[in-house]
Structure formats: structure tokens, C-alpha cells
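A.B. asks: One-letter residues, chain by chain:
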Amino acid sequence: MSNVEALLDKVLSGGRLSLEEGIELIERGNLIELGCAANTIKNKLHPEGMVTYIIDRNINYTNVCVCQCRFCAFYRHVNDQDAYVIEKAELYKKIEETLGVGGTELLIQGGLHPDLKLEYYIEMLQDIKKRYDIHIHSFSPPEIVHLSQLSGLPVSEVLLKLKEAGLDSLPGGGAEILVDRVRKQISPNKIGWREWMDVMDAAHRLGMKTTATMVFGHIESSADIITHLIRVRDQQDATGGFTAFIPWSFQPRNTDLGGTTSGGYEYLKVLAVSRIMLDNIPNIQASWVTQGAKIAQVALSFGANDFGSTMLEENVVRAAGVSYRIALKEIQRCIADAGFIPAQRKTDYSIIKTFPDLRAG
Amino acid sequence: MLNQNILSKIAAKVASGERLTRDEGIALYHSNDLLTIGKLASQVRERKNGKKAFFIVNRHINHTNICINRCKLCAFGRDAGDPAAYVMSLDEIEAKVAESAGQNISEIHIVGGLNSDLKLDFYIEMMQRVRKILPGVVIQSLTAVEIEFLAQTHNMTYKEVLETLHNAGLDSLPGGGAEIFAPRVREIICPKKIDGEKWLAVHRAAHEIGIRTNATMLYGHVETIEERVDHLIQLRELQDQTGGFLTFIPLAFHPQNTALESMGISTTTGYDDLKTLAIARLMLDNFDHIKAYWVTVGPKLAQVSLAFGVDDLDGTVVEEKIAHDAGAQTDQAMSKNKLVKMIKNAGYIPVPRDTLYNVVEEGF
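Those protein sequences? They're chains F and C, same order as listed.
Per our numbering, residue 1 is the first one in the first sequence, and the count goes up by one each step.
Per our numbering, residue 1 is the first one in the second sequence, and the count goes up by one each step.
In case anyone wonders, no lab produced these hints; they're calculated from the structure.
One should not assume that every hint holds.
Unchecked claim - With a cut-off of at most 35 Å between alpha-carbon atoms, the simulated DSBU-like pairs for lysine-lysine come out as follows:
| id | chain 1 | residue 1 | chain 2 | residue 2 |
| --- | --- | --- | --- | --- |
| 1 | C | K341 | F | K184 |
| 2 | C | K51 | F | K10 |
| 3 | F | K329 | C | K338 |
| 4 | F | K184 | C | K336 |
| 5 | C | K72 | F | K329 |
| 6 | C | K338 | F | K184 |
| 7 | F | K209 | F | K161 |
Please take these sequences and the hints and turn them into a complete structure.
C.D. replies: Following this line, the structure appears as C-alpha cells:
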């Protein structure tokens, strides 16, 4: 029995893998054997044969950002010609369109704008909640820390005020790779890994759920990827507030960092290893936005149980040159064609509606 | 579970190198156990080709889009007189070929429409000119459909046409035009195109005079699973008799801009692509190579397919028009470095080859 087989046996009998063991998997494991283990774990966690997705809208309220990460193609300076901050009327229109197509969630994220104060965000949340019945899954940790700095309030206080104003949960963006050596190179002005995790810790302790992401395929090592996974796993042991983990690959076009995007093979491998390592996180999302529909569908055999969101608007990834577009119908087709029942879910992964008739065979 | 029993039986046959039946091919298609199918195909792949992943540094030229067949599956063909119709002159083709001189390419790949103005003389001179500019390069040109058209035009046998072109420089035939052999399907997607019998007869004739050829299958339109498996079996039978096929290339159908788009046909899914490649590897036990053509399935999926039975990723291509006119969103060319990196990142050994699978460079 190879070392990798022994490790996979250990996991499948309920064991947990260490940093060294995780590195061994990612460096020595072959794609299909990792996929088989990840798939077995997924089937144990999700025996219903369903694959979920959410209808949501991604609203990027501003592209002005003082962070200016090297992997990002979206940010602008305050004075740039194409810098913007969204108008209220436009915001409401987008929300109404979202509700109109059966959407249940708003993913509001933006740049770190130097002039938008905490009050702006509180008012935005209150305005939305006053008018609409919709889940607000918004503001990633860098935005929360930015607000904490602008207002002089501690992170937990900022979160509490936003929660009281209507914020329901936090997206897991800005995690990139949770290793400061890597962050210093790709996003030198962005918060460190500990600060990112502290925001999640505070949110979980206030009863807010969050997701966690990972952006790989740039300058990180295998050890960095596994360290990232273990840091997320440790936090989950402490607070249990992560609903899902979403790995996605770096998109190099129009970015300062440049380079080439990771292949489908590397993506599926990282996805499978994520499912294998993160024994305490219930859901793993496939990323059709960065991988395209074909690989996202194949990911359903490599540990993913969720197709993510319809992303009615995704300016950030679009700015980096991903030309994939999938309508809701295409998401449902991919799920059904792979032999699963498509199911629309809420942010908390409860099922709204299933579509068993779409399943092939 | 019935399906699980069939898969176990197939696994045992694959392990002992036994040939799979039509029913077993169909059962594989009906299974959604992608990883098991991949694992079996990978076994065969490694037995035949180890960890090698072949690719070719080549150049495609589509010399004319004028075509009398105007198949519904095609977004490339035009009627003569259409504003978007074109024919490259021999000088233009020569100039394109000359661009490739000094780039260490191993193959020139020229296919086009059925253009009544282009007679055998044109193609003889085309082969001669290409051969003169690139003496060491393999010329893979003219599908069975084009060969049959020339034979008919000049009232010659397939062998006569092929021998004439072979003498002028033609080395190998590409596998295009096979589509799906079933007459029911051809009636819908390409009613004027030669039937499956003729396609196979042209390839048989080529093999008999020592011209190696490729085979394809266009999937993801109106065909059934059974029709796909029958297609594979017809290829396998000819290969048993001649051994002249080099590689099998499933081509994912791209509906955009074709007359089939209005029928609501979507692009193929990732599952379908990987299953089709893997099942081809399992069914075609007498083919040495299975190729994923990255232009039609996309480079990401092509890379993943190396673990699902595929041992060849085609090549650098340059200026592909046929799939792109049908909405393929892939780039028109892939650099050699990119191909090498893709293969290495997946843990396979890049092997640059020529059309006949001679290794042209080692030590990657």
C-alpha cells in the first residue's frame, strides 16, 4: 500500500490529516484516487443525491479601493474616470430584479473606499431591509477591518452594528492564501491571515455564519495550501460558523501579478484535497465562474456538492477576463446531466425547491 | 445494483485485456460513475502509453469555406457567391505555409469545403508546393469527404485519387467527416455528405496503399448513446482489418451558428466529454491513441482527460476556423510552452510527436 493510499484509508475511517500528510496527498496523490476519496466523503455527508445552488446577485457597490492587490483587475483610484459608487436607485433596481427571478440573497461587496464611513453601510443595510425581504450575505473581512479602522471601533462592534442594521452573514472573500509570506507578495496592503480569521471568529461568536474561500494557482506552495486548509479547519473546530469552503483559481488577465491560470487538473486536485482535509465543513462549492461549466460539473465527482450561485453580476471576476456565462438553466442542466437532483437553496443551505424531473435517466 | 455488477464485470475484462461488447459500451455510457470509468480507461492508457502525453507542433489551414454540402452541423461552410465565402489561392496557401518555416513544426493540416472550382490539379500542386517549402514536415490533408468528392469529380477510384496525391506529397488523412455513421443521424445533420460506408471505404483504401489516417466522431447533437457505440464498433472493425488508424478523436459538437442551434442543442457537458473520451479508450482496444482536441472540449477539460484515458492533446493548431465559427470560445492557437506546462502540471510526460507518432524531441 502506498503512503497516499494509507492516508486515504485513515481519512475514510474517520481520521484527520496533519500538515505533512496533507502535503503528501497533494504532491503524491493521483487525481482519480484523490477524487474517489473526496467523492466517498461527499456522499457520506450528502447522501440525498442532490446538488444545490443559490439564486443571488453580486452587487459591487464601489470599485474604488485603497488596497490595490496585485492579483486584482477590478480596483480603481478615487479620481479615475471609471471609478464609481452605486446610486441608491440603481441598488434598489438590482434588488428588485433579483427578487423577480426568485433570488434570495444579496452578495454586496466592494473595494476599500477611503471616504465611505460605517454610517453609509448601516444606512444601506437598513434601507434594504426596510424595503425588501432578502438575505444579506455581504462584506468580506478586509471591508470589515477597513470599517473598523475608519470608525475607530473594534471589529466585533462594527459587526454587531452591521448585524443590527440587517447584515445576515459574511462571505469568505479576501482569504486568498492564509499565509502571510504569500500575502505580502500578492496583496501587501491587505489584512494578514490572523486578522482575516479574527473577523470570522467574531462573526461566528455573534451568531453569524460565514463561508471561507481560497485563491490558489499563483505563487503559493503545496504547504501554503494545506496550511490554509488547516487554519480554516482549526477555526471551525472553535466556532463552527463556516457553512462552506470555496476554492478558486487565480485569474491572471489584466492583473499586475500576471502569469497563467491553473489548469482543470490542478483545480480538481485542490478541490478533492480540500474535501478530504476539511472534515468539519459541511459544504464544498464548485466554481463555475473561474473554471467554466464543464470543470465545475466534473467537480461534482471530486468532492463538490454545491454549484455556487447564479452570480447575476460579478464585476470582479469579469474584469479579470473570465468569459464564462451560465444561466440558471445551464446550472440545472449540468447538475442533472451528472445524475444529481438540482436543488435551489438558501444561504444557510436549507432547500427551497428541488427539480427531480430534470435528472437524466 | 445491476449497474454496479456490470461495472465490476467490465473492470474484470479491462484488467485481463478482454474486448468490450456493444452492450458493455452502452452500459458505461448509462453510468454516472465518472471516476470508475476514468480509472478503467486510465489503466488501458497506462498499459499502452505509460505516462506519456503526446502533442504536435502543427499548423492548420482551412483553404476554402465554399462547400456544396452545407451540412446542418456546420457553421463554417458558405455557398459560392456568399459575401463571406473565400478560397485561398495556391500562392496564399504557400505564403501561410512559408510562415511556418523555421518554427520546427511537424505537421501541416489542410482541410476545407467541397469547392467545385478546385480540381485535382489544384490539390496536386498544393501538395507539391507545401512539400517543397517544408520537406521534412508531414502533410495531413483532405478528409474522406474531400477525397470522395475528387474521385467523383474526376471519375476516379479512391485509390487512384489517393495515390496521385500521395505521389505529390500527401502523407496522411485527417479523420474528419465521420460525424456519426448512423444513416438516421446523417439524414438530420448532414444529408448531402457521403454515408458512413463510403467514409470507411476511403479510409480502407488509404490504409491499403500505406497512408495512415485518423478517425473522429462528432458527438453531442441528435445521436443516441447506441449510435455512438455502434460508431466506435465500426471503427474498431475496420482497424482489425487494416490497422491503419493512428488515433481516435471524439469531437464535441458546437451548436452556435449552425442550423442545429435552433433545435435547442446545447454544448456538451464535462461529464459527457470525459465519459466519451474514456469509453472510446475502453472500446477501441486496437487503437494506440485517444486524442482530446482542446479546441472543441476546452484546454482545462483536455488537461483533466489525461487521467481519463487520453494520451494526446493535439497541438498548437494556429488559425482554426471550423470550430470557432461554431462558437468555440477557445483560443486559436496554443503555445508549445503552454502545452508542455499543462501536461507537466498534471504529472504526465510531454512528448512532441509528428503525425505518425514518431518522437521529434525528447527530454522534457
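A.B. asks: Mind listing which of the numbered hints don't hold for this structure, in increasing order?
C.D. replies: Violated: none.
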